[in-house]
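**Q** Residue strings, one per chain:
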Amino acid sequence: MTSNEFVGARSVAEIRRDFPGIAAFAAAGAAYLDSAATSQRPNVVIDTERDYLAGGIAPVHRGASNATGESTNLFEEARSAVADFVGVAENEVVWTLNATDAINMVSLGMADASAGLGGSAAARFALQPGDEIVITEAEHHANLIPWQHLAKRTGAVLRAVRVDQQGLWSLDDLAVTLSDRTRVVAVADVSNVTGAITDVAAVVELAHARGALVVLDACQSVPHRPTNFTDLGVDFAAFSAHKMLGPNGLGVLAGRAELLDALPPARTGGSTITKVTLDDAEFLPAPLRFEAGTQAVSQVIALGAAVGYLNELGMPAVAAHEQTLAMELAERVAAMPGIRLVGPPPGAPRAGLVSVAVDGVHAHDVGQVLDSNGVIVRVGHHCAQPLHRALGLTATVRASAHVYTEASELDGFMEGLAEVQRFFKVPAGATA
Amino acid sequence: MTNLESLYQDIILDLAKSRHGDGPLDGADHEHHEYNPTCGDQLTLRIKLDGDQIAGLAWQGDGCSISMASASALSDLATGQTLEGAQHLIDAFREMLRSKGAGTPDEDVLGDAIAFHGVSKYIMRVKCAMLAWVALEACLTEERVQRAS
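From first to last, the protein sequence lines are chains S and U.
Heads up: the first sequence at position 274 corresponds to 274 in the working numbering, and the numbers run straight through without jumps.
Heads up: the second sequence at position 80 corresponds to 512 in the working numbering, and the numbers run straight through without jumps.
Looking at chain S on its own, in the form it has when it is part of the complex (with noise of 0.2 Å):
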C-alpha cells in the first residue's frame, strides 16, 4: 500500500528514503516510534559530517592555517544556520555537550554569579536564601535536578506547579506559584511524556511581571515545531541535535545576548578568555565565552545539515504531520478498553508523541511484546519520576513521530497493544 501522506510538498514515502536507519528498521520489519528520544538521521546530515571529516580537518578559533580557517567558517556557519532556525542572533547560540548540558550551563552559571563570579555583570543572577524557583511537576530530570542543586547551593525555594491526573498543570496554577521572590522559572516547551504544548508566551508574561527569568526545555519543541525563542520572549532555551535529525554529543543553549554575555561560564579554560594572568582570566563575550576546550565541530557542521533540512520540508508541515498522527493515535488509544491514555484528551491538540498505560501489564512487558511485534517505543518513566508517581504509575509506554513517521506504523502500534492485552490475559483482551 502506497501512503498519500505529506509533508509540506513531499511525501512521506519519499522522505522516509532519505533516512537509511528507517530503511534498515523496515527491512527488519520494524517501525520506529521513538524520536521523542532519538531521531534517525537523513543521508544529507551524515554525508555532510562524513564529507568534513574525509576532507581534512582542523581545530577552529586557534591557529592560522587556511585549513583553520575553512573548518572555523563551517563551524560558524553552522551557527548561524541553527540561530536562524530558533530566531535568535548567532551569538545567542552556544554550543553545550547536550540539552542537559546547557540547562546546567545556566543553573551554575547562576551559582556561581551567586558566590559572586562574574562581578557587578552578574548580580542580576545571584540568589540569595529565600529566593525562589519555580518548576512544574512534569519536568524532565534535565529540568529539575539542575534546579535542586542550585536552590542547595544557594538557599534558593524549589516550588514546582503540580499536575493534574492526567499530567497537565495549569497557567493559573502557575501564577498563584510565582511570588516577588520568584527568580528562575523552568517549564518545558513540550511535555516529553504527556505531548502537551505549553503556552510559553504566557510563562514569559506572568514570569517577566514578576522579574523572574524563564528558561525553557525546548527538547521537544525545535525538533518539531517552528520555534522563535525572540517571538517568545524567552532569557535561555536549551535543545539537543541528536533529536531533530542531527548527530549525538552536541546540544545548544539559546539565550538573549545581554544574559549571555553577563552568565558566569560554568566551564573554564582555553579558548574561551581574553586576558589571563596567574591570578585572574577575563572572558570573551559569548557565545566562546562558554565554549572550553575543543568543540565538537563535525558535529556541529553535520546539525547545520539538518537545520537545512527541516527548513527544506517546512517546519509548519513538520508540525502538522505530527500533529495530525498524534491526535489520531490520542483517539484510537483512548477508544480501545483497558488503556489509559495520559495527557491532553482524545481532540485536544498535542506535539508528535503519545503516552499510554495497559492496565494489568506493566510498561516493559508491553514494550517486549510491542518489539517483538516490530514496534519500537519507549517504556519506562521517560526521565520524568515525579510526574509518573503523580500519575499513579511507575511507567508507561511512549510512541513517538518524526517527519518520517506514517499513519500505518500507528496501526503497528494499535495490534501491538491488542496482542499484549491477549497474551497478558488482561480482561479487555478478551474483546480485543
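No lab work stands behind these hints: they were computed from the structure.
Heads up, the beta-carbon is just placed ideally off N, CA and C, and yes, glycines get one too.
Any given hint could turn out to be false.
Said to hold, decoys possible - Straight-line C-alpha distance at most 27 Å; calculated DSSO-like pairs for lysine-lysine:
| # | chain 1 | residue 1 | chain 2 | residue 2 |
| --- | --- | --- | --- | --- |
| 1 | U | 553 | S | 425 |
| 2 | S | 425 | U | 449 |
| 3 | U | 480 | S | 425 |
| 4 | U | 553 | U | 532 |
As the list claims (entries may be wrong) - Okay, the calculated bits of chain S under chain U, using three or more residues with CB under 8 Å as the criterion:
| # | region |
| --- | --- |
| 5 | 360–368 |
| 6 | 374–381 |
| 7 | 386–397 |
What the hints assert, rightly or not - What follows is a list of derived Cβ distance ranges for each label pair:
| # | chain 1 | residue 1 | chain 2 | residue 2 | range |
| --- | --- | --- | --- | --- | --- |
| 8 | S | 347 | U | 556 | 31 to 41 Å |
| 9 | U | 556 | S | 407 | 24 to 34 Å |
| 10 | U | 576 | S | 128 | 46 to 56 Å |
| 11 | S | 24 | U | 450 | 33 to 43 Å |
We have chain S; now place chain U onto it with these hints.
**A** For chain U alone, kept in the frame of chain S given last:
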C-alpha cells in the same frame, strides 16, 4: 515457540501472578531494598535465619512480570537453603542470565528457575530477573560481614 513465548514461558506468567513469598516477615534478621531506576521496579526482601539455614524469606514489591516471577521462583528455591547453598543458587542463576541464551542450565540446581534462561537473550531484561536475587545476595553479604566482625 515464538521468541515472546520463550521469554514469557507459561511458568513465568504463572509465577508472576501467584507471587510466592509476597508479604511481610516478622523478626527478619536481614532486609534489603533493590530499585531499578530505569523502569521503577522495586522490591524489599527479608530473610530470617536459623543458624546456617534460611528459615524464612519474604518480599514486597512492584514491577514487571519478569521481576515478580523471578522473586516468586527465588522464594520457592531459597527457603530452607543454607547460606552457602543460597549463594551457590544465586551464582548459578546469574551465570545462566549472562549466557545470552547459550548452554543448558542445570535443572538440578535451579529447578523451575531454568525457565528464565530465555531472559538471558534480552539484555534489557536481565536486571529485571536479577532484582530479588541481588537483594538476597546483599542480605547474605550482610550476614557474612556481621559474622566476620
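**Q** Each hint should be assessed against the structure and marked as holding or not.
**A** Outcome of the hint check:
no.	hint	result
1	553(U) / 425(S)	holds, 24 Å
2	425(S) / 449(U)	holds, 11 Å
3	480(U) / 425(S)	violated, 36 Å
4	553(U) / 532(U)	holds, 5 Å
5	360–368	holds (count 6)
6	374–381	holds (count 3)
7	386–397	holds (count 3)
8	347(S) / 556(U): 31 to 41 Å	holds, 35 Å
9	556(U) / 407(S): 24 to 34 Å	holds, 28 Å
10	576(U) / 128(S): 46 to 56 Å	holds, 51 Å
11	24(S) / 450(U): 33 to 43 Å	holds, 41 Å
Hint 3 alone, counting from the list given before, is not met by this structure.
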